[in-house]
Amino acid sequence: MKCSRRNFLQKSIYGALAVTLPLTAFKILSPGEAAAALKESNLRWAFLVDTRKCVGCGLCVKACKNENEIPYDTPVTRTWVERYVVTRDGKTRIDSPNGARDGFTSPEMLGEKIDEKEITKAFFVPKLCNHCATPACVQVCPVGATYQAPDGAVLVDRTWCIGCGYCIMACPYGVRFFHPVHKVAEKCTFCYHRISKGMQAACVQACPFGVRQMGNIKDPDDPVTKIIMSERVGVLKDEYGTKPHVFYLGLDERVR
Amino acid sequence: MNDIIVHGLEWTSKDLFTYPNEFIYWSIQIVMYPYMTGLVAGAFVLSSLYHVFDQKDLKEIARFSLVFSLALLPVAAMPLLLHLQQPLRAMHPLMTPHFTSAISAFGIVFLTYALIVISEVWFVYRRHFVEQVKELAGEKGFGLRMKRNIFQILTLGAMDIEPEFLAKDKKAVRILAGIGIPVACFLHGYAGFIFGSVKANALWMSPLMPVIFIMSAVVSGIALCMLTYIIIMEYKKLKAVMAKGMGDESVQVIRGAEMEVISKSSRYLMSFLVAAISLEILDLIFRGYTAMKSWDILRSVMYGKDFVNIFILQYGLGNLVPFIILVLPGRTLRRVTLATVLILFGVFMMRWNVVIGGQAFSLSFSGFMHYHLPIIPHSLETFKEGLGGVLLVLSTPYILFYFINKFTPSLGGQREG
Ligand code: SF4
Ligand code: SF4
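Sequences listed follow chains A and B, in order.
Under this note's numbering, the residue at position 73 of the first sequence is numbered 73, and the numbers go up by one with no gaps.
Under this note's numbering, the residue at position 43 of the second sequence is numbered 43, and the numbers go up by one with no gaps.
Within a straight-line C-alpha distance of at most 27 Å, the following computed DSS-like cross-link-like pairs (lysine-lysine) qualify:
| id | chain 1 | residue 1 | chain 2 | residue 2 |
| --- | --- | --- | --- | --- |
| 1 | B | LYS199 | B | LYS305 |
| 2 | B | LYS199 | A | LYS183 |
| 3 | A | LYS237 | B | LYS14 |
| 4 | B | LYS305 | A | LYS113 |
| 5 | B | LYS14 | A | LYS121 |
| 6 | B | LYS14 | A | LYS91 |
| 7 | B | LYS293 | A | LYS91 |
| 8 | B | LYS406 | B | LYS59 |
| 9 | B | LYS293 | A | LYS121 |
Output of the computed footprint for chain B on chain A, the stretches with three or more beta carbons under 8 Å from beta carbons of chain B:
| id | stretch |
| --- | --- |
| 10 | 69–78 |
| 11 | 96–108 |
| 12 | 165–171 |
| 13 | 176–190 |
Hint data in this document are derived by calculation from the structure and do not stem from the laboratory.
Glycine included, each C-beta is placed from N, C-alpha and C at the ideal position.
Kindly generate the complete structure, drawing on both the sequences and the hints.
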């Protein structure tokens, strides 16, 4: 009797331990799922930004905020445009007032007036999520709420995100934020709801100068793919090993 | 529900160029999280030094620190809960753990550790539970009957306290404490890994991070146990003085025992302190020497706006001063108390400098962000992630300890457990 009690206790501890093992650790794929996981998708979205054409009007930012319901007057935004001004003394000044939602209306930068004669070069750089091939954000999400679709788009499941902010910390490009209304991680989706229906992303459509384009990098006949494959393109911060899929034409070494 | 809140806007101010979405997203509760887990792990390691390695000199404080680490345990998870934007989904990492994420295993590591601590406490106190049940048998009052019932439940039906069974208990404690040390270190080293593995963050990314976290955790845990122990013993002494007068023998006994425990523990405290500081300095030197792309901005943060926080408050006031206090001959209780307070402060500053300091500069390396701790809350968010939340987290372990200690008395002369 005495010993059986001990035994019982022992067994219940083992039992408790076994229960704490999450069942999903042993997830079994159905044959269909396994096949789908193995089969390569023949679509991989990529984005092309021609910085040489950008005038910093901010129409893309405006269109994005409206399309994707990011509260208009908050500073957070899925895409933004940066202005770089390099002066004769070798200094680089960068700004992006309100993410350039209203364009760049003042020649002053961060409250400083720059003498026009001192400027050696100046340009604009639009930014958005790079839908990386090895996304740091997906790696760190503890619940799998941030995930990558087979076509390369990195998306967030709003119903499952716990709002820990780890992905925001992990993205080297600072494209993530908490949605001011839904209180979950938020970022550019390449307008997934539009592109998967054959429409253009809101920013691509809004840009009057054709700075922004999207294509399927797995299709060699895609006009965007052709440019990426034949021209000299750059990506941002490749030292982090994220393999970004937003390509830039005319990227300056000073762009951060 | 539908009000518009930009998380972080409230307490972040920006300087020069930062990306529009950059804010201090990980605020004070993420400072508290490693601080509190550190205290838990440290307290547990202190008690294990006695149970596993038979450091007899720690016997008195070992019981106390074990029970105290039980009280601290729920508090290690509290800051995370207060930090989540969706606290109701806190259990999701257990349901769909995504194992490439360092956070995903938190629940599993934490629960394993909790199981170990709880069972160890149970084995240490089983004899006490049984004795209480026997002692309270036949009591008539409702309160006492309730108390007896609770003890009865706590025994889990294992009522035998013959020497052979007690020996088995003791063995179990030893084994559990033995497993507990690596798990405690893992729990905390793991908190270090959460930061150390963020490659986007120039300040956090370092393979030394987990080890640094473990060392400072042990330091803070020991310091907190010593401090709490001193306070409680002082209180006992005061009570003895009030009851029996200054010169009474019992007062002397308490005083002598107290000083002995404290000077023994401070030896351990100092050795861990030296290890912790060496690692941190190594990390710092290495960053300066290799001077990667990020070093420019790191240096301007460390030697510029965070200079006081890092070098004066953390290293100076929080490490060097208490170390000197402890090393100087002629240690007194008052000086040790001061040293432990300073060390606790120093470790807190270290967590602060890592978490907040890591977000003090923009990912663009072209601008800075400043953190302003919300003092007076005007919304749930500014309470949770402000001074209010901090005080809540800091006071909870003491409240819990008060209740837990009612059933597992851990202070003063119990019999061998
Ligand atoms: S840019 Fe950032 S958010 Fe987008 S996929 Fe890459 S790591 Fe994730
Ligand atoms: S904030 Fe949401 S999406 Fe981001 S890591 Fe946490 S749970 Fe995943």
